[in-house]
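Protein chains in written order, with this note's numbering: chain A, 1 to 259; chain B, 1 to 105.
Straight-line distance between alpha carbons at most 25 Å, and here's what the computed PhoX-like set of lysine-lysine pairs gives:
hint	chain 1	residue 1	chain 2	residue 2
1	B	26	A	135
2	A	8	A	63
3	A	63	A	258
4	A	123	A	8
5	B	26	A	141
6	A	63	A	123
No wet-lab data here; the hints were simulated from the structure. Quantities reported herein were computed from a predicted structural model and do not represent experimental measurements.
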Amino acid sequence: MEENLDNKTRDALFEYCLRIGDDLLVLGHRLSEWCGHAPILEEDIALANIALDCIGQAEAYLKLAGEIEGAGRDEDALAYFRDEYEFKNIQLVEQPNGDFAVTIARQFLYDAYAVNFFDDLSKCAYKPLADIASKSLVETKYHLRHSSQWTLRLGDGTEESHDRIQNAVDKLWMFTGELFFMNDLDKFLVEKGYAPDIESIRTKWNKIVKDTFARATLNMPSDETYMATGAREGRHSEQLGHMLSEMQITARSHPGAKW
Amino acid sequence: MSEDSTHVDSNGDTEWPLWEVFVQEKLGKPHEHAGSIHAPDAELALQNARDVYGRRGSVTSMWVVQSDAISATTPSDSGPFFEPSEDKIYRHPNFYKVPRGVKNL
Numbered sequence: 001m002e003e004n005l006d007n008k009t010r011d012a013l014f015e016y017c018l019r020i021g022d023d024l025l026v027l028g029h030r031l032s033e034w035c036g037h038a039p040i041l042e043e044d045i046a047l048a049n050i051a052l053d054c055i056g057q058a059e060a061y062l063k064l065a066g067e068i069e070g071a072g073r074d075e076d077a078l079a080y081f082r083d084e085y086e087f088k089n090i091q092l093v094e095q096p097n098g099d100f101a102v103t104i105a106r107q108f109l110y111d112a113y114a115v116n117f118f119d120d121l122s123k124c125a126y127k128p129l130a131d132i133a134s135k136s137l138v139e140t141k142y143h144l145r146h147s148s149q150w151t152l153r154l155g156d157g158t159e160e161s162h163d164r165i166q167n168a169v170d171k172l173w174m175f176t177g178e179l180f181f182m183n184d185l186d187k188f189l190v191e192k193g194y195a196p197d198i199e200s201i202r203t204k205w206n207k208i209v210k211d212t213f214a215r216a217t218l219n220m221p222s223d224e225t226y227m228a229t230g231a232r233e234g235r236h237s238e239q240l241g242h243m244l245s246e247m248q249i250t251a252r253s254h255p256g257a258k259w
Numbered sequence: 001m002s003e004d005s006t007h008v009d010s011n012g013d014t015e016w017p018l019w020e021v022f023v024q025e026k027l028g029k030p031h032e033h034a035g036s037i038h039a040p041d042a043e044l045a046l047q048n049a050r051d052v053y054g055r056r057g058s059v060t061s062m063w064v065v066q067s068d069a070i071s072a073t074t075p076s077d078s079g080p081f082f083e084p085s086e087d088k089i090y091r092h093p094n095f096y097k098v099p100r101g102v103k104n105l
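Modelling step: build the complete structure from the supplied sequences, incorporating the hints.
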């Protein structure tokens, strides 16, 4: 790890890596809850694969976060021994799986953001982060293919599948504002060339979502939808605590256990 | 899913149609049968095939074809249909010397 990061940069990069890693860890855990419950065997395998991709990516970002922090915390310490308010993921990814349409809508809204985010991040000037992002990008392109194809099929399928995914989109829309959260930390990192400009990502996200919804015969929710905020600063929906209690209990009950 | 993807096969199975998956592990090599999966259409068949058969080894290309589209011999064909074989040694190109170093003949 580079030793010559000044304090401000170190703190900013640590937090930035947590945001990315926590999004992936929480989403990966949610997807893993489908294991053995998906509507068909092939889809069970597909969702489990995507869950593994997300958790694998989370591991890389959290490991880097731990190295940047330099306080002796590794990726497991960060994943299993932080509490809810210390998690920096957005609320979209912590929302429960619901039915298959909710899971697909949640995934699509995230994937359409993630491909553009990782594409830009892989060109950033902080090489350790750019390297991980290049790997994420390859996997995420496939995730988007999977989730957008399902969005099309559910939206343009039967009346019931259409209603279910439209309801899912309407319900989740209030959590999409946080995808484009930006505060002083982002501005600082963007200036250094260490983080992508989120506004250009928003434009690309909008286009993907709009085009896909048009083909899927889905309505874009209103621009005036109330948007949830606060999760990047540790204020989460009630859902995250329940999820973490399950995700963390084994590691906390048997600290340092090996298997 | 749209109604036309509801499919009843000869066993009365109403699941999605069955697809056979062929995987090529290296450019220039043949696509080999890897197994089968269920899927409602070709694009999702490729995705499912990728997840089930494509994620461990190296894969350069994949084909899927709906199993119904394959014509196959039946076990009872095995006698007359495949008969011209072992006892007609003149049909076997065993009398040529293969040049050294040739692997894929």
